[in-house]
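S.K.: Could you slot chain B onto chain A? The hints should help.
Each protein sequence line maps, in turn, to chains A and B. First residue of the first sequence? That's 1 in my numbering, and the numbers climb one at a time after it. First residue of the second sequence? That's 1 in my numbering, and the numbers climb one at a time after it.
Derived contacts from chain B toward chain A, CB cut-off under 7 Å, selection only: (1) G158; (2) D186; (3) A191; (4) A216; (5) E220; (6) T239; (7) I258; (8) T267; (9) L270.
So these bits of chain B aren't anywhere near chain A, every CB distance computed over 10 Å: (10) R14; (11) E98; (12) E308.
If you want the footprint, here are the derived chain B segments under chain A, 3+ residues with CB under 8 Å: (13) 204-215; (14) 240-254.
The set of hints was computed from the structure by calculation and includes no laboratory data. All C-beta atoms, glycine included, are put in the ideal place defined by N, C-alpha and C.
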Amino acid sequence: MDELLRVEGLVKHYRVRRGWGGRGARVHAVDGVSFAIAPNETYALVGESGCGKSTTGFAVLRLIEPTAGRVWFRGRNVLALDPEGLRRMRREMQIVFQDPFGSLNPRLTVERTLEEPLLNHERLSAAERRERVAEMLEVVGLHPEHRRRFPHEFSGGQRQRIGIARALMLRPRLVVGDEPVSALDVSVRAQILNLIVKLQRRFGISLLFISHDLAVVRYVSHRVGVMYLGRIVETAPVRELYENPLHPYTRALLSAVPVPDPRRRRTRILLPGDVPSPIDPPPGCRFHPRCPEALAVCREEDPRPRRPADGRIVCCHLYGGSPPGETVSPAPEPGASPPTPEERRT
Amino acid sequence: MPLLSIRGLKIHFRTPQGTGVAVDGVSLDVAAGEVVGLVGESGCGKSVLALSILRLLPVPPALFAGGEIRFEGRDLLRADPRDILALRGNRISMIFQEPMTALNPVFTIGDQLAEVYRVHRGQSRSQALASAARMLGRVGVPAPERRVREYPFQLSGGMRQRVMIAIALACRPALLLADEPTTALDVSIQAQILDLMLSLNAELHTAILLITHDLAVVAEVTRRVAVMYTGRLVEEAPTAALFETPLHPYTRGLLASIPRADASFQTESLNEIPGVVPSAFALPPGCHFAPRCPRAAEICRREAPRLEELLPGHRVACWRPVDG
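If we strip away everything but chain A, and leave its shape as in the complex, we get (with noise of 0.2 Å):
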């Protein structure tokens, strides 16, 4: 694969106290996160609070300094730039966060939100850069002269606007968006998200979609990372995840998302209990302690990850398949479906 972004087992731990002088404890947020964004593409990572998916969107672009792991960006270590590159580097890298009403500054003017990666970045006459500012404002559909206004005169949805054309301004090739349509309603978050899949197209952006909304992910993400507790345990292009979960963490979220369907009586998997602290993740697979299918060996071995078929990764004892990076490309096995019971007690 060409790849644009490439990241190599990133590792975030932060150090907590837990009590009042209590002795020093190590939260896994981030535990060994590895994956590439091509370039045109769209990449998701879906997964539910504290998985660590905005800490990794985070670390990718240094906004939070990663304990371990490799990231690399059009073939450069990003990790070792030091703070020249990384601003240099920041302008091919943008984000777009969750909260429209607390990622603009309430003092500026959009026009002068939208001029300052214009200040930082390139040298250009004030006409210039308001004529840029003009067509982007545009480009994210709004009026030229929103220009002059503050940020508390606008929607929830218009400032979304806002913070995407503030993303845009240096045509970046990568965009993390975090959780970008997860604060807005629900007719409104299908203006922006129908904007997103649009400019991505439009600009060939690269996309990291960090969200927690697997409906939201579908719509916007060619492929899926899913993460619990601080690791990816499958991977998969997004039809492929959505038709034929491998990972019973997947199998079971994606049973129990809402559907806007009365008549479609399902049968979820309900998971017991809550996620497990990532101050002391179980040990062996870290999903065992509410898998409903946990064997034997997942309590005691962490489990590698395994290309089942093509395309797809899955850390799950349940399957076998080739351990990914190497050259075996391995026919794609008929559904890739997991093992019937039967099978796996032989």
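M.R.: Chain B in isolation, oriented as in the chain A frame:
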């Protein structure tokens, strides 16, 4: 006679910017044991409506401008405040979106749950704590005897919402007002909480008015739905009928703008409802949805349509409803 009957309710807000219309002539019934959804986008007045039932709105700035709310035959808007106090947490309960802010951080879970038994059931402290532990067990909190001694911050979001549900249902109320009860929760926890609410509904026969922006949640748990837009009820129908044949262009537009995760359904492109929800201080004349409506005609901009029953049990407020 329905358990809860709201007739022509009007609620205004007096603010320095002028008078805003939050609820504009809403009529809605909830029968005993029924699960009804009240759905709409932010600012449509659904939460204000729910809060007004328990008289939890600050008056002023809120102002009851008309209508009535009858619960078990009694007019709540004109009832004595002491009678309302006796109803709250007893015959009518409410749970909210954010259980962390709804729970008091400086009291234990047990104290907060026991308070309900002490106030409404007159139990002693030790009796009430025992009742509290029993109720926690019923809503699926593991090790309830230990949990009663813990504080809200020691619980996960899902567990806190279970505690809220325990507090709300302790006195087996006739009506539970659930205002976005699962919006702050993860999807797997949301499924647990919705299941819990439904099983308690079946077990205790508590009617539920589920207030939410999430049509998918409505589809999964309710039998009847009312859709609100800018303070007005625009459509009300049995849940299956609303999703199958939405008659109001707003409902139809909303349904077509939801992406779906189920494999059998592929969303090719999402419908957009153009424009934005008008401000409560500057509502357009006629039908409030007309400026965004693809079917709007002359009359829509002039005169507000009334809610009328077009199909059995299916009411819609629209001059030009979508044909089934």
